Each structure stands twice: as structure tokens, then as C-alpha cells.
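Student: Residue-level listing of the chains:
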Amino acid sequence: MSEIVKTDAVIIGAGPVGLFAVFELGLVDIKSHVIDILDKPGGQCAELYPEKPIYDIPGLPMVTGAQLVKNLQEQIKPFGPTFEYGARVETLEKIDGGFRLKTDIGGIIEAKVVVIAAGGGSFESKKPPLPGIEQYENKSVFYLVRSMEAFRGKNIVIAGGGDSALDWTLNLAPLAKKLTLLHRRDAFRAAPDSVNKMKALVAEKKIDFLLGQLHGLEGANGQLTKVIARRDDNSTFDIEADALLPFFGLTIKLGPVGTWGFTLDQERIVVDTEKFETSMPGVFAIGDINYYPGKLKLILSGFHEAALMSQAAHKIIYPDKRLVFQYTTTSSSLQKKLGV
Amino acid sequence: MPKITYIEHDGTSRTVDAEVGSTVMENAIRNGIPGIEAECGGACSCATCHVHVDEAWMEKVGKPAPMEEDMLDFAFDVRPNSRLSCQIKVTDELDGLIVTTPEQQG
Numbered sequence: 001m002s003e004i005v006k007t008d009a010v011i012i013g014a015g016p017v018g019l020f021a022v023f024e025l026g027l028v029d030i031k032s033h034v035i036d037i038l039d040k041p042g043g044q045c046a047e048l049y050p051e052k053p054i055y056d057i058p059g060l061p062m063v064t065g066a067q068l069v070k071n072l073q074e075q076i077k078p079f080g081p082t083f084e085y086g087a088r089v090e091t092l093e094k095i096d097g098g099f100r101l102k103t104d105i106g107g108i109i110e111a112k113v114v115v116i117a118a119g120g121g122s123f124e125s126k127k128p129p130l131p132g133i134e135q136y137e138n139k140s141v142f143y144l145v146r147s148m149e150a151f152r153g154k155n156i157v158i159a160g161g162g163d164s165a166l167d168w169t170l171n172l173a174p175l176a177k178k179l180t181l182l183h184r185r186d187a188f189r190a191a192p193d194s195v196n197k198m199k200a201l202v203a204e205k206k207i208d209f210l211l212g213q214l215h216g217l218e219g220a221n222g223q224l225t226k227v228i229a230r231r232d233d234n235s236t237f238d239i240e241a242d243a244l245l246p247f248f249g250l251t252i253k254l255g256p257v258g259t260w261g262f263t264l265d266q267e268r269i270v271v272d273t274e275k276f277e278t279s280m281p282g283v284f285a286i287g288d289i290n291y292y293p294g295k296l297k298l299i300l301s302g303f304h305e306a307a308l309m310s311q312a313a314h315k316i317i318y319p320d321k322r323l324v325f326q327y328t329t330t331s332s333s334l335q336k337k338l339g340v
Numbered sequence: 341m342p343k344i345t346y347i348e349h350d351g352t353s354r355t356v357d358a359e360v361g362s363t364v365m366e367n368a369i370r371n372g373i374p375g376i377e378a379e380c381g382g383a384c385s386c387a388t389c390h391v392h393v394d395e396a397w398m399e400k401v402g403k404p405a406p407m408e409e410d411m412l413d414f415a416f417d418v419r420p421n422s423r424l425s426c427q428i429k430v431t432d433e434l435d436g437l438i439v440t441t442p443e444q445q446g
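Protein sequences appear in the order of chains X and L.
What the first sequence shows, in the numbering used here, is residues 1 to 340, in sequence order.
What the second sequence shows, in the numbering used here, is residues 341 to 446, in sequence order.
The following block holds chain X by itself, in its conformation from the complex:
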């Protein structure tokens, strides 16, 4: 990951607004590189409501989150954006002629303009509200598995009943000294095939399945020794544990963006309504992440903001070029860019 990605515009967030920004920037000859913390495009549309119908996209009486994302991907194809998934931008620094961004997995991107289209922020794993859990995080409590080998020969407790909990139960069972799956009920929202495989492992006594919920942790110096669980009748029991993997889905937190020095209003980045530029010239914020008087958190608003932002970005990237306003219906030069 040491190679530096150089681009005109870097877009943080591959939700609907970030994707449409690729289109609007593309029309004014600005090339985009898109980064998202999820492993796929779509943001909330993909993660929170892929199957839910959306009724307020102009011209589409009804569209699901997943279909909208698919349509947008199709729409921006002519502009050949590059994508980087599973990465979170940690730092933003001003350099000569633009900005340098660094991701949590070691990526470096240099861009002339930055477009923050991060919605509510970044998706992060939900952290169980257990007293003192912070001292164990990344030492013996993990929200994701970077290397399976690190769990070999350990007493592992996996908490949760979704796909992540079941998938890691199946993957880590052969390596573990002992693996215990802890879930609040004997029903799972995970893929039925995974559930059957897990039940087979329980029947063969290769893993334990216990009914209960996380209640407390015991250990010292970041090393867990016990997980305390609570049953529905409020009685508790201990599980010997070297490692705990809680899988309770994702939540949205503003994340590093909040520490880059922008003027904020209630966890949102304040922008003007001409260019949708932040308090840092050359850095724009569009979609749910921004705030201005009258702001509505609608996908529709984000699309509009993307169009106006692109005009301002053009002035930065091509200071000597006059931008002639054109329609895609009639402009042969725009149609050439679109490949139609």
C-alpha cells in the first residue's frame, strides 16, 4: 500500500451522493478516486436498507436502496472512477497544490480537491456497554479478525447471532482450544446454512453454544480471563476466555472527519450554499454530513450539492479555463464524455 494514489478529486464516501459526485465532477473533466470504509458501494443504502423502497428520488416513483446504487454505478461508469473499499481516511493534510490523505490501512492519496460525502460518518462495529471494555480492546476483545492465526489455541468467546458471529464461529472453531458462541436466543438471523453447520459442531461437541447476553468482563492488563454472561432470568455465569469477539452489527460515528479542524454544527460540517465548501478552502462537504441553514438530509439535496460543488472544484483545478454551462441533452462535448 506504499504507492501514492494521485487524483484530481478524492471523494470520501461511496454512498449515493459520493457516487453522483463522480458524475458531476466527470462532466467538468475532473477525475475521481472514491474511498469507503465498507467493502462495497452504497453507504447507508447498501448497509441499512438495500431492500427498502425509496419514494423521493425524482423520476423514479419507487426504487430500492440497492437498485439506486446499481443505477448510479452504471451512470458514472463513463468517467472511470477508481475505488478503494474497506479503508477509512484517518488524516487530511494540506500540501503544495492540494491535499494528502492517509488511510487506516496505510494508503496514501494525493488530490487537488477533497469531497467529503461521508453521510453520518463512518460505519463502526457496535461496542458492548461493558464496564472497562476499553482496556481490553485490540488486546483480547476484537471487533474484527485481521489474522486468524492470532486465535490459535485460545479460549474464544463469540457473542452475537448474525452472519459475522456465525461465520467466525465456523472459521475459528478448528483453531480454537475452545470456542463458545453466546447468543440471547436459540434463533439466528444468519444464513440458515451457517446455522446448520454451527449446530452440527455443537452436536459433535466441537464448540459450545450458550444462551445469554454479555454482562461483564474479568481480567488484568488488557488480558481477558473471563466473560460474564446474563441469562434472561437475570442469573449470571462465567465463561473462561482469552479472547472475546462481539458481533452486534455496525453503527455510524462521525469518526476522524470530526478532528480535521472544520467548523462543525452538531456533528456536521458547516458549508456555504454556493460551493458547499468547508471552512478549509478546497475541501467540500456534500450530502448528510454537511450543515447549512435549511439543510434537509435527503439524497436529493446531496445530488444538487454535488452539481454545485463540481463547478467550484473546476475553478480550483482549471483556474484558467472558463466553464461554459451545458446540458447533457444537447451538448456534443458532454455526450462525448458520456460515450453516447
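Honestly, I wouldn't trust all of these hints.
[As the list claims (entries may be wrong)] Some chain X residues near chain L, calculated using beta-carbon distances under 7 Å:
id, residue
1, LEU48
2, LYS52
3, GLY161
4, ARG184
5, ARG189
6, PHE248
7, GLY249
[Unchecked claim] Pair ranges (Cβ atoms, derived):
id, chain 1, residue 1, chain 2, residue 2, range
8, L, ASP357, X, ASP56, 35 to 45 Å
9, L, PRO420, X, PHE237, 14 to 24 Å
10, X, PRO174, L, ASP357, 49 to 59 Å
11, L, ASP350, X, ARG100, 36 to 46 Å
12, L, ASN421, X, PHE325, 52 to 62 Å
13, X, ASP233, L, THR431, 30 to 40 Å
14, L, ASP435, X, LEU334, 57 to 67 Å
15, X, ASN221, L, ASP350, 27 to 37 Å
If you are wondering where the hints come from, they were derived from the structure by calculation, not from laboratory data.
As the structure is a prediction and not an experimental result, all values here were calculated from the model.
Heads up, the beta-carbon is just placed ideally off N, CA and C, and yes, glycines get one too.
For this one, chain X is given, so just place chain L on it according to the hints.
Tutor: Relative to chain X, chain L alone:
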């Protein structure tokens, strides 16, 4: 208009007027009630509007639907009286409803 009382984890209590047909989550957001986040906006897909329904109201409020029960797997401190407040519709019958918000949503 029916009244709903929200009690925070620390005991702070707030009572609001709720329109019939709206959800218990929507009334919390409209009135700035802390302890209910509703990240997904009411799509039953995030479990950050989790509440504990007062025991006396459990029967009238009813049990969660299967999809909601599934989503509760992603909440913490789930109890037999747990519901996602975006899935509770306000009716005249629920006038006086009391719910408690958990220590942490997400």
C-alpha cells in the same frame, strides 16, 4: 393526544404528546429525547431505538414481529420487554405509555 413518557437510564423522565399513527421513535426524535438514536430512520434495520417497555404496558404494546425480533439481536441488554421504538405505533389505547431507554444504543 396520547402521552408517552420516556425514562432515561439515569432516571430522568420526559413526557411528550404523541400523534396517533406516529411511532414511539418518531416522537422521541421530534422532542429531542436522548437515548434514542434511530440511525436508520425507522427502517427496522439498525437497533438503535431500543426501549424497555414498562411491565404494565407490555400486553397493550404487544410482542415484536419476527423481523424486529431478529434486529434485536444487534441491541444490548435485551430483555423480555424489549422493543424497537420505531415499530411501536401510537394509538389512543397507548395513552400514558412508559418506556425506558437503555444505557447505550450503538
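Student: The structure should be examined with respect to each hint, and the outcome stated for every one.
Tutor: Evaluated hints:
For X/LEU48, the interface hint holds, since its Cβ comes within 7 Å of a Cβ in chain L; the closest pair sits about 4 Å apart. Evaluation of the X/LYS52 hint against chain L yields a held restraint, the C-beta minimum of about 5 Å falling below 7 Å. Hint status for X/GLY161: holds, given a least beta-carbon distance of 4 Å to chain L, under 7 Å. A distance limit of 7 Å between C-beta atoms decides the matter here; for X/ARG184 the minimum to chain L is near 5 Å, and the interface restraint holds.
For X/ARG189, the suggested interface contact is upheld, since its CB lies about 4 Å from the closest CB of chain L, less than 7 Å. At about 5 Å, the closest approach between the beta carbon of X/PHE248 and any beta carbon in chain L falls short of 7 Å, and the interface hint on this residue holds. About 4 Å separates the beta-carbon of X/GLY249 from the nearest beta-carbon of chain L, less than 7 Å, and the hint is met. One distance hint, 35 to 45 Å for the beta-carbon pair L/ASP357 and X/ASP56, is violated here, with the actual separation near 27 Å.
Between L/PRO420 and X/PHE237 the beta carbons are some 19 Å apart, a value that agrees with the proposed interval 14 to 24 Å. One distance hint, 49 to 59 Å for the beta-carbon pair X/PRO174 and L/ASP357, holds here, with the actual separation near 57 Å. Checked against the hint of 36 to 46 Å, the C-beta distance between L/ASP350 and X/ARG100 comes to roughly 44 Å, which is consistent with it. For the pair L/ASN421 and X/PHE325, the supplied restraint of 52 to 62 Å holds, since their beta-carbon distance comes to about 59 Å.
The hinted window of 30 to 40 Å between X/ASP233 and L/THR431 holds, with their beta carbons roughly 31 Å apart. At roughly 58 Å, the beta carbons of L/ASP435 and X/LEU334 sit within the given window of 57 to 67 Å. At about 31 Å, the CB distance of X/ASN221 to L/ASP350 agrees with the hint of 27 to 37 Å.
Of the numbered hints given earlier, the model fails hint 8 alone.
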